[in-house]
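The lines below spell out each chain.
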Amino acid sequence: MSSILFFIASIGVIAGAIGVVMLRDPFFSVLALVSHLVSLAVLFLLLRAEFVAAVQVVVYAGAVMVLYVFVVAYVGSDSASLGESLSGPGPVASRLRLGGAILGGALLVELLIALLGTGLEAINGQGAGYSPGPRTFGTPAYIGNLLLTRFLLAFEVSSFMLLIAAVGAVVLARRRRGLGEEDERDLLTPLDLIRPLGTGTTAEGVGPRP
Amino acid sequence: MSIAWYLAVSAIVFSVGAIGVMTRRNPLVLLLCLELMLNGANLALVAFSRMWGNGDGQILALVVMTVAACEVCIGLGMIVAIYRRRLPIDVDELRELQG
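Here the protein sequences line up with chains A and B, keeping their order.
Counting from 1, one number per residue, gives the positions in the first sequence under my numbering.
Counting from 1, one number per residue, gives the positions in the second sequence under my numbering.
These are calculated hints, taken from the structure and not from any lab test.
The reader is advised that the hints may include incorrect statements.
Among the chain A residues that face chain B by a calculated CB cut under 7 Å, a handful are [claimed, not checked]:
no., residue
1, Val21
2, Gly104
3, Ser131
4, Pro132
5, Leu146
DEER-style ranges, computed between Cβ atoms [stated by the list, open to error]:
no., chain 1, residue 1, chain 2, residue 2, range
6, B, Met78, A, Pro132, 24 to 30 Å
7, A, Gly133, B, Met78, 42 to 48 Å
8, A, Ile113, B, Arg95, 22 to 28 Å
9, A, Ala63, B, Gly53, 28 to 34 Å
10, B, Leu87, A, Ala166, 21 to 27 Å
11, B, Leu87, A, Gly105, 29 to 35 Å
12, B, Leu87, A, Gly168, 16 to 22 Å
13, B, Leu94, A, Arg175, 18 to 24 Å
14, B, Val64, A, Ala141, 17 to 23 Å
15, A, Ser159, B, Gly53, 36 to 42 Å
16, A, Gly105, B, Val64, 48 to 54 Å
17, A, Glu121, B, Met78, 45 to 51 Å
18, A, Gly62, B, Tyr83, 22 to 28 Å
All residues carry an ideal CB built from backbone N, CA and C; glycine is no exception.
Start from the sequences and build out the full structure, keeping to the hints where you can.
Okay, here's the thing in structure tokens:
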């Protein structure tokens, strides 16, 4: 039963990954990534990582993908497919891309040799012993215990990093004044009284408009 | 299923993501392919964690997910900023830093 489930889920994982790379429209790439993530969560469940599988579905396939869908809808979705990308705008670029694809294939061979040819005995086994229970390997109680004792520093550092990333995204994507339309200019804010015209905006770096 | 099968799937997913990073031109798709590479590494981490019966690999997988979320956050912010300045959404055209 578990091997049938493994094959179905891994076909989903690999098909989703190939779909992300091959599909022309970024919107469909995002949808392919969602199916890839859900299939990957099934593989995590087969590996007895219940909490990681739940986080994968809720956070990744739920929250992060919604962000992607919004940005694809905002930016618009015209893109070259993989074939057009390989034929490329110029001969040099297309040859470089073909080289990249060949390099990726070589990477696959190398990874397979490195992972499967290690000579580790345990790689061909089913893994360590597992007995179901409320606090056993992979359950939320087990992960939470580890996160708040042995890996407390990693937990705190990653929470701080999320905060920095959120602030950074707001700073990067905020609407800057100075490059917009002229009618934005007559919205006077209290900040304009204390700072000279044109400073503190992107107009400062670009210079006066023609 | 033995652990080796899971490792093979993770290697395939990682390489497909690497091929995407090296061949696609749209930065949005590039970010998606980076996610694929991180997911391949995650699958290997969870598989090794199962092999040893030890939770450390799963914690590391959770941290990798956090890093991926941060990367998506910053990357999409940059794409929105590029779009606002009406620059082309194409990594081949964006070569201002190249001098």
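A quick look at each hint next to the structure:
no.: 1; hint: Val21; result: holds, 4 Å
no.: 2; hint: Gly104; result: holds, 3 Å
no.: 3; hint: Ser131; result: violated, 11 Å
no.: 4; hint: Pro132; result: violated, 14 Å
no.: 5; hint: Leu146; result: holds, 5 Å
no.: 6; hint: Met78(B) / Pro132(A): 24 to 30 Å; result: violated, 45 Å
no.: 7; hint: Gly133(A) / Met78(B): 42 to 48 Å; result: holds, 46 Å
no.: 8; hint: Ile113(A) / Arg95(B): 22 to 28 Å; result: violated, 36 Å
no.: 9; hint: Ala63(A) / Gly53(B): 28 to 34 Å; result: holds, 31 Å
no.: 10; hint: Leu87(B) / Ala166(A): 21 to 27 Å; result: holds, 24 Å
no.: 11; hint: Leu87(B) / Gly105(A): 29 to 35 Å; result: holds, 32 Å
no.: 12; hint: Leu87(B) / Gly168(A): 16 to 22 Å; result: holds, 19 Å
no.: 13; hint: Leu94(B) / Arg175(A): 18 to 24 Å; result: holds, 21 Å
no.: 14; hint: Val64(B) / Ala141(A): 17 to 23 Å; result: holds, 22 Å
no.: 15; hint: Ser159(A) / Gly53(B): 36 to 42 Å; result: violated, 28 Å
no.: 16; hint: Gly105(A) / Val64(B): 48 to 54 Å; result: violated, 25 Å
no.: 17; hint: Glu121(A) / Met78(B): 45 to 51 Å; result: holds, 46 Å
no.: 18; hint: Gly62(A) / Tyr83(B): 22 to 28 Å; result: holds, 25 Å
Hints 3, 4, 6, 8, 15 and 16 from the earlier list are contradicted by this structure; the remaining hints agree with it.
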